[in-house]
Amino acid sequence: MRVEKIANRQFLYITVIMLATVVFSTLPVLTTGNARQDAWASGLLAFAGVALFVNVIVGLGVHFPRCSVVQVSRKLLGNAAGGLVSLIILWSFLHLASLEVRIYAEMIIGGFLTETPLVFVVGAMIMVAVAAAYAGIEVIGRLADLFFPLLIAMFLVSFFSLLFEAKFINLQPVLARGLGPVLESSYNTIAYSSYLMVLGMLIPHLTRPRKATASAFWGAAVAAFILVITAVLTVAVLGPEEGFRSVFPFFRSLRAIRVTEFLERTELLVIFAWGFSLFVALSTFIYCGGRGVAQLFNLKDYRPILLPMGVIWVALSVHSSPDMFEFRGLYLSYVFGAYGLFLVLFPYVFLWGGYLFRKMTGQNPEEERGEEKSAER
Amino acid sequence: MKILKKIRKLFNPGQKKYSAQTNMDNLDISQLRELTKKEKLTNNLETNLSLIRKYYGNSLGLQVRSINIGPHGIRAATVYVDGMIESSALEELNRALLIDTVKTGDIPKDEKKLISFIKDKIIISVETDEVNQLDELFDHVLYGDTALIIEGVATALLVDTRGWKTRQIVESDTETSIRGPREAFIESINDNLSLLRRRILVPQLWVEGFRVGSLTRTRVAMVYIKGLAGEGLLEEMRNRIGKIDADKIMESGDVEGFIEDSPFTIFPLMLRTERPDRVEAALLEGQVAVFTDGTPFVLLAPATFFSMLQSPEDHFEKPPIGSFIRLLRYGAILMSTFLPGFYIAIVNFHPEMLPTPLFISIAATREGVPFPIIVELLIMESVFEILREAGVRLPASIGPAMSIVGALVLGDAAISAGIVSPPVVIVVALTAIASFAVPNFALGIAGRIIRFIFVALGGIFGLFGIQLGIFILTVHLCSLRSFGVPYLAPAAPLILSDMKDFIVRTWVWQLTTRPRLTGFREPVRQSRRQARRYLKILPRKEGDEQDES
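Top to bottom, those sequences are chains A and B. At position 73 of the first sequence (counting the first as 1) the number is 73 in our numbering, and the numbers step up by one without a gap. At position 482 of the second sequence (counting the first as 1) the number is 1482 in our numbering, and the numbers step up by one without a gap.
Just chain B, with the same shape it has in the complex (with noise of 0.2 angstroms):
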């Protein structure tokens, strides 16, 4: 073997001049990042600045610009990705540091103080770090800092030059409102905090940051209210994100897929939103929200089956209009999940239910129709499901002709063809307009999944197959919880102070108290007393003055 290797040396004389290289190309990614983590800083400038050439490779985009500081031209040299930076920010740095220190003059020569001098009196930055671990330094440069390596000096500087491309705040398109605040989240994570810091103006709007994702190295932001968020709750997610064990995370369903309670439900556990006025309530009844960098939707915990059905403009509008918009929702899920599996019950097995004349309607729409009814509801519900999709992936511009299609050929053809019956098509079009009416698309899409279950136990064993259903379903979703808190709550387990904001709501004045299960720790929210003027008919009750001292 040794001769062999002699033999390969021998006609390949260039492989030990780039030993260095090749170490590098036979390292794997976690060997890499293992490498990089371990790498620290040293007091020698041009190491520094090989080492994170070294592992940064030829690829574009880092820029480093050699400089001298001070009368006496200590050299330095700062570092950053082209891109990630804002011009005007690095040229003020740099004419910091390259004209402001010479014109200090009494520059300390010692190195400790020499960089804290930097920090503290030339550098107009807003944001300063020190690091001295090379991970560390990749970490910020990476994300639009600029780093200031100084000869002799085992820490680098890091200064904040970022500024790069982010998307207009526009309106959101899946959660619009009639009445309410337009904005909606966008990609950045700085100005999704932005917009909703301007909302919350106290100091205890507290940010913990983490970087998940082994190489993408996500920045991810849990934001609660300090002192109304359950303090069991503020652990138990910092320890679920702190244990993401992951290389990406793109978007923050994979933040949810690591940290929900229940991986074995198609119900949402956590409500995503990208609206700011909807985190802003979701944080003042004690929740606490989960920003992803590079995605606009922003998860809210615990979450309630009941809270997904809510939309911010039921609050906005009056009581009895905004009751009666939650109500018609509530029926728009019931109708999205069971209309599909009652009508093929009652049809197939209890058609004493219906009134005849309507029954001798649909029994004559059916006659020729070659399928059983099972079969046309399942093909009919598929047929919408495609439409559906495809409507999602088209451009614009052939949308019209995609409801051509729909509209006319499947439907009115499959009529006139006899393929289907036309209470189908009713049952069919109903279920997918309610299914719509659903606030929260990842509620509407577990409604229209168990849809098709249903279809199939009514069809097979008529109504009795439909509440065997219905237990189970009950079962499923009273055995859920979502960070601790009950799926179902306040309906099961029953929270009567909670009804104020439920199936109805009560006036504004009316909702003093914050859901018991989340806002525990200030379960008033606002004092009852002002709720009298609104109610001079009514006597006065002997233990509100107590309630509020």
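Chain A with its partners taken away, still in its complex shape (with noise of 0.2 angstroms):
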């Protein structure tokens, strides 16, 4: 079967928008959580802590051109362990995903359907991405293409609006309380670099497997620096304890926007952003799950084990925690940061050992770079 190829500048895409529907949902309120008016600064620290996860994750990636990290598991650590590693990869695909829709769908209810129940909305937007990774990781790869700008626009739109409210002084004073409190929720949105193992899926689909790093690397930086942006607008419109305590800061602040009479409540072309990439990510989740899930049992397609995996991927979501007030103590830092550390450090720690005893025995684990342009043609 021919193999899917989506171009580098699609992976980068989608890198972006798996990162920015973070910083949509929640991360203004989990920088603020303790760095307050520091937000920016735990942002620029999180960007580090992001950018080294890249060279972790696609790092990895980049000597294997032509296998998922599925594959490169079994390749490296042999069929059972490497399974039961890929297992945790393939769990936090799952787990981050239904934890997104989530969010996604309580705001959803909590702004605008306030009657609907909550399973109709998850199982819709899943439903929807499951339609989206059944046509293919190509079809994916120009979503993010078409939505990319878009949401780029949106972006641009709010934070200039958002510029005519802000209150610069709310940023001072300038790390009072020391660097502790920002290192702490810098670690925190480290954690959320889990989110980008699925690029060690996408790493065999792309043009040129060999140059993922930077591309990454990129998609990192520009999702950085929206994350850096929002945080000092939030905490400038807001102030440092409203962002703290509002549930979704960054909306409550597009909420302070009024443009004379006629434009108001332009949250809601934000909340469409925030849908469009939330179904980007949502699709590449699903994707990547169903064909790690595809490759670790040997499946010749991924496609009949989609519709299945989303029916648990709704159930997981709507029955992980009962409310948005219990939902949201899964994301305090001591409990999301340890918990997403763990997702990504755990598998990669043991395939870098993996594939680094192997180079050390004089087992060469990388794939031949002749074999790869032999087969490009």
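Treat the hints with care, since some could be wrong.
Said to hold, decoys possible - Here chain B is said to cover these stretches of chain A; the calculated rule only asks that three of the stretch's residues, wherever they fall, bring their Cβ under 8 angstroms from a Cβ of chain B:
| id | segment |
| --- | --- |
| 1 | 7-16 |
| 2 | 108-120 |
What the hints assert, rightly or not - A few chain B positions that, by computed beta-carbon distances, are all more than 12 angstroms from chain A:
| id | residue |
| --- | --- |
| 3 | Leu-1062 |
| 4 | Arg-1179 |
| 5 | Ser-1194 |
| 6 | Glu-1208 |
| 7 | Ser-1323 |
| 8 | Arg-1388 |
| 9 | Ala-1396 |
Unchecked claim - The calculated DSSO-like cross-link candidates involving lysine-lysine, where the alpha carbons are at most 30 angstroms apart (straight line), are:
| id | chain 1 | residue 1 | chain 2 | residue 2 |
| --- | --- | --- | --- | --- |
| 10 | A | Lys-211 | B | Lys-1500 |
| 11 | A | Lys-5 | A | Lys-300 |
| 12 | B | Lys-1500 | A | Lys-5 |
| 13 | B | Lys-1119 | B | Lys-1109 |
| 14 | B | Lys-1038 | B | Lys-1113 |
| 15 | A | Lys-5 | A | Lys-211 |
Honestly, the hints are just simulated from the structure, not real lab data. Glycine residues also receive a C-beta, built at the ideal position from the N, C-alpha and C atoms.
Can you join these two chains into the complex? Each is in its own frame, and there are hints to help.
Rendered as structure tokens:
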């Protein structure tokens, strides 16, 4: 079967979109959680951490340009151990995507469709994403191409309109409580790089897999830029205390915009953009999950298992917590920080260990470059 | 049983006499076609003529004229169909055969030489051909050629005497433009090809002919510029046209149905046009055109979504004007697809998005309207669609009556009777106007159908439903391909070099490259150097010289 290909540009867009959805939904509250007015500083620090993890996740995949992370782990650690390690990665796709869609659904239900059952919103989003995953990664790449400019445009519009409301005095005093809280909140933000584990599944589909690290790095940089600006503007508009307390601080700050009588509730536009990027992120998660499971169990095609997986996804998302407030407990820094870091570090410590062990014992684990070139032709 | 048969024969003695006739009567059309394909011409003139008579039957039109060729009086016959030929050409042919052969004197006795002698030295007609199969002979004779069958020769000589009435070349009704060529294709494939050939004067404009349809034997031509269109595309097109197994090809829609990539979509995957300049522009970008005899609509492939929103005159106007018009058109298709859905979603679910005075006035007009807003919208949209369809069928003289009924009775009276609210009528009217601004009719129709789905989604789930609809729609559009080219190119996948002629278009001297997915064989379409004349302010770039060499 022909391997579906996406351009490195689309890979970059997917990276940005993955991280940007997090920004939309929760990040300001996470970073302001402890850093308060110094959220921007922890955002910058987080970027350094995310860049490191990009190198960990994508850097390994670059050595195996035709294998996904599931195949790589079986290659490096053997069938049994490799399978177990990749199960953790696949679980992360499942869980993180279900968390994402849950946040979105809570937002929609809380703000707009107050009487709609949760399972409908979650189910609709996931089924639509299943449809996209069914169409393949090329289609998801094109979706990213389509929605990325939209996303950037929405960001720009909201940033510029927020500028008029911003009171930058809110950002002072800078680093008043020392570096401790800043480090603590950036630790939580870095844990979000567990979202980037899907990139390990996408590398074999790239047109230039050897350059994947650069693409992913620039993607992370753009996302970090968005994150920092969002954090600054949110704090500047709402003030650190309000930003800490509100559920969706970015939307809360957007609600403050009123351009004459005519333009009110502009946050709806951003919710639309969030929905678009969430859709791309979800379909990537589901595609990678389906692909991974299919590779783990040596299935010929991943498509038949997408629908059953979608149903599990919906169930997990709906039943993971009874309400929004308990749900937000998961995002406390000592819960999610540890959990997210575990999801990335546990498999990748083993994978890198296996890789270095093989390298040192003289078995060349890498694929031949020549082989790859001939395959491309 | 045998006895029964004998008794039957006793009472019906004439049966045996007409056995040849009954034989034909019992054969079905496919068997007849099979038989025709097997038959070959023989040496005997009489047998050949009776063979033709046998298959053509007693039907009118077939004319056989016996003649004697040359001083020795070799027996021969011309066969043609009345009404398909030009009589002056036939007279010319007869004169050549009857008089010139006698004058020449030294006609070769040998049959093989005779036919080539006649072909090379006697007949002055433009196009001649030799066939020895009966079905080939019919293919030509029924298309207006005259067959010359000579005693003792097993091949027939076909002479082009085609001539029939065709429509005048007039302006297109469906693709009008303010500026640009006015002529449009007509129903005759030869005239259509000549319209195109007049525009591209290089021998590399290649035309490949096909006969499609087992009964209609319609002529289908695949036209491309050799060396510019991708060979893979050409091979695919050849294959797909060659595999068509149909009894009839009445219109290019029939061809399109057989060769398009995915049948399960309401979006047109091939662009239809009746403008030669449109075809010309497409060919110069490496696309392939499919001409079908009997229809003015020519198919262009591969087609993309955005190419359907373009009109040739975008390129004839100045760039800012062309870009502005094009932007309007993009807005129009978005509006015609989404406006009613958004209206219903916002009024029903998210009134807080509207400015308060506007919402109050909308709510005030809805006072006393008995239906929910979704029913109101669906009623008015359906009424509009019916009006539009009726307008197409109406004779021109009843048109004004129709508009009175539509505008006054349905619009005004429905509002004053309190059945629908005025904003709904405004929304429906806006979408109607917007949908007519889409230059491609098929795409406009697709947008109109999707509009109903979005009304339902917006009416039931609000903006969230609209968003879901957009997701499904984009996934569908992104997964479509037209002859290997992604349907949403150059937006998804993003191709930066094609952005020069996408949402806005730049000056003609800046359009230096062809679209990458179709014109990849010769990406540079014109020199970049001339652009510098217009951009004297800008500094020279180092790389420019190398690009041109």
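Inset, instruction - Please flag the earlier hints that this structure goes against, numbers listed from lowest up. - result: none
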